[in-house]
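**Student:** Each chain, letter by letter, is given below.
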Amino acid sequence: MEYTAAQSGFRQRKLQHNMRLRNSSMDGSDGSQLFDDTSATGPGAQGVYRNQQAGPQAAGGLPGQSLLADPMSNLAMAYGSSLASQGREMVDKNLDRFIPISKLKYYFAVDTVYVGKKLGILVFPYMHENWENRFSPELLGVQASSALVWLIMEVLAVLLSLYLVTVNTDLTTIDLLAFSGYKYVGMILGVVAGLLFGKLAYYLSLLWCCAAIFVFMIRTLRLKLLSEAVAEGKLVRGARNQLRMYLTMSIAAAQPVFMYWLTYHLIR
Amino acid sequence: MAFTLYTLIQTAILCTNAIAVLHEERFLSKIGWGVDQGVGGFGDDPGVKAQILNLIRSVRTVMRVPLIIVNSACIVLLLLFG
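Residue numbers (my numbering), protein chains in the order written: chain D, 42 to 309; chain L, 400 to 481.
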């Protein structure tokens, strides 16, 4: 009873084969018969097993047709294709309900000249300077990729310096990326102030943001990089701690430098 | 300065090549940066010099084969597309 259906089927086929051999040795008429004659002997269950054994053997001879001839896989294929078409219908209907795609295409059929003119109309009422020449769609892409490159290089430089000084921190790469992104707030504030109110406002707001970022970075990094004794306020003399202090200072000092460097050519 | 992503890739390839080219016997040992001069004490502070030497040696070991592949690809692309 522990035998699987296949094994019992095999056993019965072997038994039948042996019996047939004995029979054919007796009369020799059906010695060339390959399959069992299921119409004659056995209960219905044995016949089903033998059918399943005969099926794969037929499939061994013609592998291409068996997949289509098998009713189960036929049904599965039909079901799958109907499911896919149903799914696509549903997505199309819902998408069209939320986002009118055909209407959106109208809005995107613009070119650079049109955008430039629109920008000009927007800013002329309250701006005294003509900055149409300084801002264009190409410049935006160039600025963005340049800022991205500098960001990546800064993160790599900080990672390298942290590795060299063998600091055991729990700062991950993503943390460093986030810390490097803090200066963009100051940059944006400075640039916007400079565009709205002129060069003096740019320099003033940039100075304020630089000082703020400097203090912020020193406070944050001191907790992470230096040991607990120094973070509490005492100054521990030692080569390692001094090196770490220098590292913190240089990271914090690099932020205002970057802030100025990446934005000064926008205010001219 | 307008940097593109392509210049970043170029910079990375050039810097890695430069580090991988530093020969152990002919150059590094002569200036006191050989392998045997790096690992000093077994305390918890390897020091900056030991870290740098470790870094150079590991870059040379790990990036040798990938650099061969990347450099060959660069040469072929530059020959084809200028």
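Read the hints as simulated data drawn from the structure, not as lab findings.
Ideal Cβ placement from N, Cα and C applies to all residues, glycine included.
It is possible that some hints are incorrect.
Claimed, not checked - Just the calculated beta-carbon pair ranges, DEER-fashion: (1) C473(L) with R263(D): 41 to 47 Å; (2) A252(D) with T410(L): 30 to 36 Å; (3) M118(D) with L404(L): 42 to 48 Å; (4) L248(D) with L421(L): 41 to 47 Å; (5) L241(D) with N470(L): 50 to 56 Å; (6) S177(D) with Q450(L): 45 to 51 Å; (7) G128(D) with L479(L): 51 to 57 Å; (8) V132(D) with N416(L): 33 to 39 Å; (9) I193(D) with L421(L): 22 to 28 Å; (10) L404(L) with T210(D): 25 to 31 Å; (11) G481(L) with Y305(D): 32 to 38 Å; (12) K240(D) with L421(L): 31 to 37 Å; (13) A119(D) with L413(L): 25 to 31 Å.
**Student:** If a hint holds in the structure, say so; if it doesn't, say that too.
**Tutor:** Here's how the hints hold up against the structure:
{"no.": "1", "hint": "C473(L) with R263(D): 41 to 47 Å", "result": "holds, 43 Å"}
{"no.": "2", "hint": "A252(D) with T410(L): 30 to 36 Å", "result": "holds, 32 Å"}
{"no.": "3", "hint": "M118(D) with L404(L): 42 to 48 Å", "result": "holds, 45 Å"}
{"no.": "4", "hint": "L248(D) with L421(L): 41 to 47 Å", "result": "holds, 43 Å"}
{"no.": "5", "hint": "L241(D) with N470(L): 50 to 56 Å", "result": "holds, 51 Å"}
{"no.": "6", "hint": "S177(D) with Q450(L): 45 to 51 Å", "result": "holds, 46 Å"}
{"no.": "7", "hint": "G128(D) with L479(L): 51 to 57 Å", "result": "violated, 44 Å"}
{"no.": "8", "hint": "V132(D) with N416(L): 33 to 39 Å", "result": "violated, 49 Å"}
{"no.": "9", "hint": "I193(D) with L421(L): 22 to 28 Å", "result": "holds, 24 Å"}
{"no.": "10", "hint": "L404(L) with T210(D): 25 to 31 Å", "result": "holds, 29 Å"}
{"no.": "11", "hint": "G481(L) with Y305(D): 32 to 38 Å", "result": "holds, 34 Å"}
{"no.": "12", "hint": "K240(D) with L421(L): 31 to 37 Å", "result": "violated, 47 Å"}
{"no.": "13", "hint": "A119(D) with L413(L): 25 to 31 Å", "result": "violated, 59 Å"}
This entry does not satisfy hints 7, 8, 12 and 13, going by the numbered hints stated previously.
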